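K.L.:
Chain by chain, the residues run as shown.
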Amino acid sequence: MSSNYRNFRNNVPWLILFLQAVFLVFFYFLSSDGDTDQLTRYPAFQDVNHMVIFGLGFFLTFLKRYGFSSTGFNLLIIALGVQCFVLIEGLLVFLLLSEDEGSLTRITKATMSMTAVVISTGAVLGKANPVQLILMTIVEIIVFRMSRWINTTFLEVPDHIGMMHVHLFGAYFGLAVSSRFSEPSPRSEKNMSTPKSDLLSMLGTLFLWVFWPSFNSVLVVEEKSKAICNTYFALAVSAVTAFVLSVLTTKDGKFRMTHIHSAVLAGGVAIGYTASSIEYPWIAMILGLLASVITILGSYCIQWCFNPALKIHDTSGVHFIFGLPGVLGALAQVILFLINNWSTLPSLGYLVTICIGAFCLTIGAALITGLITGFILNLKLFKTTPVSKYFDDQFYWEFPHLAVGF
Amino acid sequence: MSSNYRNFRNNVPWLILFLQAVFLVFFYFLSSDGDTDQLTRYPAFQDVNHMVIFGLGFFLTFLKRYGFSSTGFNLLIIALGVQCFVLIEGLLVFLLLSEDEGSLTRITKATMSMTAVVISTGAVLGKANPVQLILMTIVEIIVFRMSRWINTTFLEVPDHIGMMHVHLFGAYFGLAVSSRFSEPSPRSEKNMSTPKSDLLSMLGTLFLWVFWPSFNSVLVVEEKSKAICNTYFALAVSAVTAFVLSVLTTKDGKFRMTHIHSAVLAGGVAIGYTASSIEYPWIAMILGLLASVITILGSYCIQWCFNPALKIHDTSGVHFIFGLPGVLGALAQVILFLINNWSTLPSLGYLVTICIGAFCLTIGAALITGLITGFILNLKLFKTTPVSKYFDDQFYWEFPHLAVGF
Amino acid sequence: MSSNYRNFRNNVPWLILFLQAVFLVFFYFLSSDGDTDQLTRYPAFQDVNHMVIFGLGFFLTFLKRYGFSSTGFNLLIIALGVQCFVLIEGLLVFLLLSEDEGSLTRITKATMSMTAVVISTGAVLGKANPVQLILMTIVEIIVFRMSRWINTTFLEVPDHIGMMHVHLFGAYFGLAVSSRFSEPSPRSEKNMSTPKSDLLSMLGTLFLWVFWPSFNSVLVVEEKSKAICNTYFALAVSAVTAFVLSVLTTKDGKFRMTHIHSAVLAGGVAIGYTASSIEYPWIAMILGLLASVITILGSYCIQWCFNPALKIHDTSGVHFIFGLPGVLGALAQVILFLINNWSTLPSLGYLVTICIGAFCLTIGAALITGLITGFILNLKLFKTTPVSKYFDDQFYWEFPHLAVGF
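Protein chains in written order, with my numbering: chain A, 12 to 417; chain B, 12 to 417; chain C, 12 to 417.
Just so you know, the hints here were simulated from the structure itself, not pulled from any lab data. Incorrect hints may appear among the rest.
A pair counts as met if it fits within one copy or between any two copies, since identical chains are not told apart.
[To be verified] Simulated pairs of lysine-lysine, DSBU-like, Cα-Cα distance not exceeding 35 Å:
| id | residue 1 | residue 2 |
| --- | --- | --- |
| 1 | 201 | 391 |
| 2 | 265 | 201 |
| 3 | 394 | 262 |
| 4 | 400 | 262 |
| 5 | 322 | 394 |
| 6 | 394 | 265 |
| 7 | 322 | 391 |
| 8 | 265 | 391 |
| 9 | 262 | 391 |
| 10 | 322 | 265 |
This one's a predicted model, so the numbers in the text were calculated from it and none came from an experiment.
Let's have the full structure, built from the sequences with the hints guiding it.
P.N.:
Written out as structure tokens, the structure reads:
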């Protein structure tokens, strides 16, 4: 196998280089002209960029021996995916004669969309090799853009709400891809964390927690300030609930670090759709509480029932960290919509159908294309990583260091 | 003890949940309406939020085996404390018909006020259990808000200066609480740092250093730019002086990491009161120099004379990191005020009395309520952590990890 | 030696203190008056400050036993260097009656200029003692300011382009200084990284990567948004190319962490001069690609041919990380200038000469003053660190910790 894989690896860089060359050629034809006066977007872009590159990168460093790959491959796929997305936007402007929003807005949206891909990589973390990750990135970013395009064009979903499907899409695409990968050996000790790696992951989590209000308010045009406050309150209640439930569900009433990592962000995910429309903070807070509950209870259900039954191995638990709170958020959106617009009964059914349609479309597209992608990625052609080499930096990275202090 | 504590622990989550439910109910009645047009506040809020959640969280990770608790409990008490503070503000608006500043400003002030609580937790770091921390948070945030309210209403202290009492209040409240806790065994090795934990703490310190000018300028209305520059210069001279004094006071002329952690921020604390009123940077620089001197010399005096005499154990040294520079800052405020307004002699005495009154009120309130809180927290009811389990994550957190690489 | 050095060390703080006192006295005479209305500069200043203090500080923590010194001394020299630079600006305003830009702008430019010094310290990392670092800082910041002054005054280089010479200047000054230091023993194991220190260095690198667009656009007045986008694309392509070349140039087709650290930033350095003038992103992308190629290929050439021949030891590889991409950027500037202004043939030669003149002046000044500085720093007076104590925190810092978990 080893020499076989080595031969394969020697071809890998040419694939990436080819991709980069294609991007370069397309960029030659598809540049944006609308570059003026976008500087007000820059701080929001910085926040989102920070979240994706740094926050999510370190969020995924919880595995004992996979810190290099978590942060490194994260940077690689974002650098590729953002270029790909910017090209798609350029192509859409060219083909559909839609409005050109300028480069900075494109990059901002590209970075936000890449969240979906990074979430998906969380599900196959340590199992997919770089080529598989890159192909997954390209496919997913295209499909997600298409799904958003259908949402905004045919279902008339506002753009800032369509973008919030990013967590749902990422989680279910990742799960579908992951279902086609071999499961790791249950006795493997590499699939664990150390206190140090957990602390680094906490570092990433705290970054995400602090920047989440920016993420939920970037594309909101009106009521930005409300979106920020609601997101903050939802996150705060999520954090509190995470600690409460962690004590209640573990032996001896101790806290479990993975619960904290997973659930403190649940409120931010769940409130994505409704952050700018919720009138009172207490509604946001209840949503944050429910999101945290669903994440921690979901983590037990999914790990003991759902995953073994479907033979899915979800390394970072993206199903309950991003998937379930996303579903809850979509549900909350419909319910709040129903409550607020009860008087205008006739058109109500139509509008609710739209909401639910967008939700089903997103999940459906994610699952179907995810399954297909997972199937393709596991063709012999791509030399999947052998199970014994799962979760191991040394399979991809040189380790000239002495074996001290890891 | 152990089973006893386990039973107690099983009640803990219900307490937090009850608190969260009470907050939710109050939020139902006490929402802010003035949400419009506050977006200019957002970057400042982000900076402060970053400082408190991330900077102070990692600033406190210097203990060898207490990294999970330092960062985790920090997040928990901030999530609770901010909600509590926002409610108090709402109550004040409702009861006193004072002006409603809007949610974002409330959260910003809440986060700044939480600095006091986080500083206090520094004094009892590793000794207080989560319930004690939470109760302390609620009491302290209420008392600090009341003390600020008296300052601004009766003593007519401007709001941005009243807020700067946060370091003083936090330090002396924490010390008073800490004096009621049992002292750790002097032979304990858990009460130490490792090079890795010191480096993580340095990470937090650098974050605080970079963001401190934001902290000192958030509430300043005029002369914001001056407040930023003065704070920066004070911090810079503090940092230089910290290195100088560290070499002078240690054997062999080596640097000591704890000196650097403590003293580089002293200038920022000391200049809080006067950042926007100091005319020339050299005054700010001298203040930074004095603050650093007082911190490092104070650290020796306090650790060898004061603490043993009063039987206080101050884990993070908040007395000399935040307390003494705060006292220096308050003193400098009076002296600079005297120098600048020498001509208007008649009303001078009155104004100086006000300054000193606000200072005494803050310290007095901190010490008295701190002592009472410390006394209550050490009732048998709260099952204080046994001394042998001080400074140990494993008492509160699950450790499924192998015992490698800690 | 040891007692000898101890005596010396006892004099060190007085030197720093003397320097700080001189700064204080000068600040008394040379304050800025133009402090009003600069708040729009604050976010950019924060970004740059973050990069230099935090990003570069952790970027340099890759050595196994040198984390304290990397982050600590970085803070020390920045705190001193910024004060020195602000004074020089004040002196220039006073002597040349040039325009006073106000304190915040001065500090921002000071922090940007300090990048040169931090880069230079990278070349002598682990070899120079704090006194040598401080003297180097003072000399370098003065020489760099003079070189910029000549560039802007006599060669009429715009200020935002003159500032971009910071990487070139820093790298070649550092190399020249480094050439006068003794080479470390080739068998030394301290001159290595551990997986943990590499991960911390990755943390710093990601910070730099995220903030680089701010660095390249701070001083740009028009086309700021274009500068941001071009820098982002150049960085993205650099990152991708770094991964590609790392696989191509290592045995077994594995990634090497030092390649990633070095080359992901190359695009940002190379595009510094032309970020705001490049019209199309594909040009920026090609520049990013070339920069990454030159960095990784350069790292082999330099480490195997150039450095041994000239007996230079470059700890962090600043020659290929900042030097070569800087040269490429300067070259690209000339070429792009030639292409764009082909029509205005007569004055073209003159303008190109100016460009090349500024480049040669910068490199020349860096090399000559660097050599002289290196020569002075290695006088017996400064008690150079013995080669056996290179790369060792314990030579400068107290280590009260138990020898666990380093």
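K.L.:
Which earlier hints can't be squared with this structure?
P.N.:
Every hint satisfied by this model.
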